[in-house]
Amino acid sequence: MSEAHTLVSLALLYAHLSLIAVGGGIAVLPEMQRQVVELHGWMTSAEFAELFALAQAAPGPNILVVTLIGWNVAGFLGALVATVAMTAPSALLTYGVAYVWDRFRHKPWRIALQAGLAPITVGLILAGGYFVTRAAVHSVPAYAICAATFAIVFFTRIHPLWMFALAGALGLMNLV
Amino acid sequence: MTDSLPAGGPPTSDPQSMEPALPSPSIPSAGAEAPERRIGLAELFFGFASAGLSGFGGVMPFARRMIVEERRWMTEREFTEVLSLGQFLPGPNIANVSVMIGARYQGALGSVVALAGLMLPPFAICIALGALYARYGHVPAVEHLFAGITAAASGLLLGTAGKLARPLVKRPAGVLFLALAFIGIVVLRWHMILVLLALAPFSTAAYWPRARGPRAGAPKADASKAGGP
Numbered sequence: 001m002s003e004a005h006t007l008v009s010l011a012l013l014y015a016h017l018s019l020i021a022v023g024g025g026i027a028v029l030p031e032m033q034r035q036v037v038e039l040h041g042w043m044t045s046a047e048f049a050e051l052f053a054l055a056q057a058a059p060g061p062n063i064l065v066v067t068l069i070g071w072n073v074a075g076f077l078g079a080l081v082a083t084v085a086m087t088a089p090s091a092l093l094t095y096g097v098a099y100v101w102d103r104f105r106h107k108p109w110r111i112a113l114q115a116g117l118a119p120i121t122v123g124l125i126l127a128g129g130y131f132v133t134r135a136a137v138h139s140v141p142a143y144a145i146c147a148a149t150f151a152i153v154f155f156t157r158i159h160p161l162w163m164f165a166l167a168g169a170l171g172l173m174n175l176v
Numbered sequence: 001m002t003d004s005l006p007a008g009g010p011p012t013s014d015p016q017s018m019e020p021a022l023p024s025p026s027i028p029s030a031g032a033e034a035p036e037r038r039i040g041l042a043e044l045f046f047g048f049a050s051a052g053l054s055g056f057g058g059v060m061p062f063a064r065r066m067i068v069e070e071r072r073w074m075t076e077r078e079f080t081e082v083l084s085l086g087q088f089l090p091g092p093n094i095a096n097v098s099v100m101i102g103a104r105y106q107g108a109l110g111s112v113v114a115l116a117g118l119m120l121p122p123f124a125i126c127i128a129l130g131a132l133y134a135r136y137g138h139v140p141a142v143e144h145l146f147a148g149i150t151a152a153a154s155g156l157l158l159g160t161a162g163k164l165a166r167p168l169v170k171r172p173a174g175v176l177f178l179a180l181a182f183i184g185i186v187v188l189r190w191h192m193i194l195v196l197l198a199l200a201p202f203s204t205a206a207y208w209p210r211a212r213g214p215r216a217g218a219p220k221a222d223a224s225k226a227g228g229p
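First to last, the sequence lines map onto chains C and U.
Note that the first sequence covers residues 1 to 176 in the working numbering.
Note that the second sequence covers residues 1 to 229 in the working numbering.
Do not take every clue at face value.
[To be verified] If you want a taste of the chain C side facing chain U, the calculated C-beta under 8 Å gives, among others: (1) G41; (2) W42; (3) A98; (4) I120; (5) V122; (6) I125; (7) L126.
[Claimed, not checked] Label-pair distances were calculated between CB atoms; the ranges are: (8) U:A141 x C:W109: 52 to 60 Å; (9) C:M173 x U:G107: 49 to 57 Å; (10) U:A179 x C:R134: 15 to 23 Å; (11) U:P140 x C:G96: 32 to 40 Å; (12) C:A169 x U:K170: 25 to 33 Å.
The hints are simulated quantities; they were obtained by calculation from the structure and are not laboratory data.
Glycine residues also receive a C-beta, built at the ideal position from the N, C-alpha and C atoms.
If we strip away everything but chain U, and leave its shape as in the complex, we get (with noise of 0.2 Å):
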């Protein structure tokens, strides 16, 4: 098993860790299983509450954070293995990587008490401040405040799938599938699902080649941050 725990390095600074929606091919088998620590549910209940909380923007380097660094759950390796099996399947990624970590150490007990931990917090302050929003969203200076902010907003998303693309447009097929998926969305209206059974067959073939290889390198993500949803 590699042992790849930053030993109590500076946060912030693995490009590996945060990439995005991408395959992570190089990967070897090792790090398949996890450190046979004991991680019980209390433990699995407050890490990921404390990751979901402090997530302002996206929760997944966060919890990445969390996970590897703070409290050693697992190698970066592991988590990144995780990390991508999550972003493949579908629903919100980082509830998908509490599901499996939950039940790597606790079965589907430890999932659902994972989830839990992530989701409730959270969800029990979109209600207030949406119950603050519902109330007061319409007085003059509230109305202002969002002005501003949902601007923001557009410009995070708008970053986020630039620097999720970065890596991805070095190849023709890349800038081809994800202009077509643009298009099929905005301009023909089709149903997402449409979309998204159009384009894979084709998709996938066009990186067949590639995956054939012997390091199957599909491109690397360089450092991008990306704010997992």
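In isolation and in its complexed conformation, chain C is listed as follows (with noise of 0.2 Å):
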């Protein structure tokens, strides 16, 4: 496939993406996946999990995963081109609906729809969730790592990136 035509699907994917990513970016991280490790073929899952973890050891939108993916797939202009289509057309979509939608705030059916939408994004995310530790998470003291993190969060307001430090040090002396 010519480079050209990894950038268009690239452009085509994330726009997608972006105009269906209810919830936020990580509701379509299963999806995501899908596509890029299923359907095209651009990376193994366990690859794909490394560069989910890399976006958020690194500052800055969660969404950016999708910058690393456009990176390995096809160098800069693969990671503008997966930044932009990913960003832009939820972006314009939101300039345009913002204020008509406010109009709405009180009425039942948006009260509804966006209270019924939330459980399912949620159970969207929790699937992400299931993909990314079932392609990374291998061994006991990975799955032990993995479970310390979740607690954490779950349970304390104590910054995850504390536990990311850790892991990563575990990681170094191999124990992982």
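Each of the two chains sits in its own frame; use the hints to bring them together as a complex.
Set out below in structure tokens:
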């Protein structure tokens, strides 16, 4: 496949994900993985999980995982195309809809729709967590780190980045 | 207009602000208008740039702090309103928030500038990291490092999902539709849009009676601090 072809595929994929990412960028993670790994075969699911981890460890919106995917698939242009495609369509939609939508703030249908989408969104995020975990976590220590990070995020207000540092250190000592 | 500026309170402890992707139907109409402050393009850019660059593991908490507490562009309530809409519309939540806030103060150009401020500096960092990773990613030490970090990243994602789920699973409908969405993706391997289209009508219907109530009380999120994507 030529480079231009790849760029177009990236653009189409992310423009499409941008517009269906109800509940935020992370809600499309399972779909992104399905497309990038299974349909396009651009990388393995383990590589996908690593790029996701890299994006989480870096400062900035979590959605920058698409920048890294684009970078890996097609270099700088790939990164640029993927990032713009993931951001611009939804930004345009937001710009256009925000004020109109605001007028329906108190309408029952809007409240019900918004409330009804919330559990679906969380189910999608959970599915993303499932795929990433399955791709990345294989050893007993890795499961322990995963569980500990889950507990810290779920039960405490401790910043998860501390767990990243600890987990990275354990990894460097070849304990994971 | 209700003025809910936290008068120099501690920066971390407002549970309201960290609500995950939930309806916030209890917001009254106050705060629909911005306090008529002049916020220039440069301020928009650098404000969002600072939030973006400090956003390790999610920008939303930092954006809220920058907007409500540090620079006082908006009250807590106004911010929650913008956030709730940003979460509802498709796309990265924090990008949507920057677009709406930029538009509020400087129109279309403000949107572009705020979004650019949010995305550009972390984009550059990501490229640099990606390049380093492509080059050194297969050095054994780096592979070991990443074995640890990816495990933590999975835990973070699961924990975020758990936190967002906590207020929702108090209702049977919440449990049901959360589980069905998960099954649709993981077990049935459906396309996400199919899952959304199949479930949204029923889910909306399930929440409908409640939404019609006078105080439309969808379950309030407790102090969940979701790393908003």
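Structure versus earlier hints - violations, ascending order:
Of the numbered hints, 1, 2, 11, 12 do not hold.
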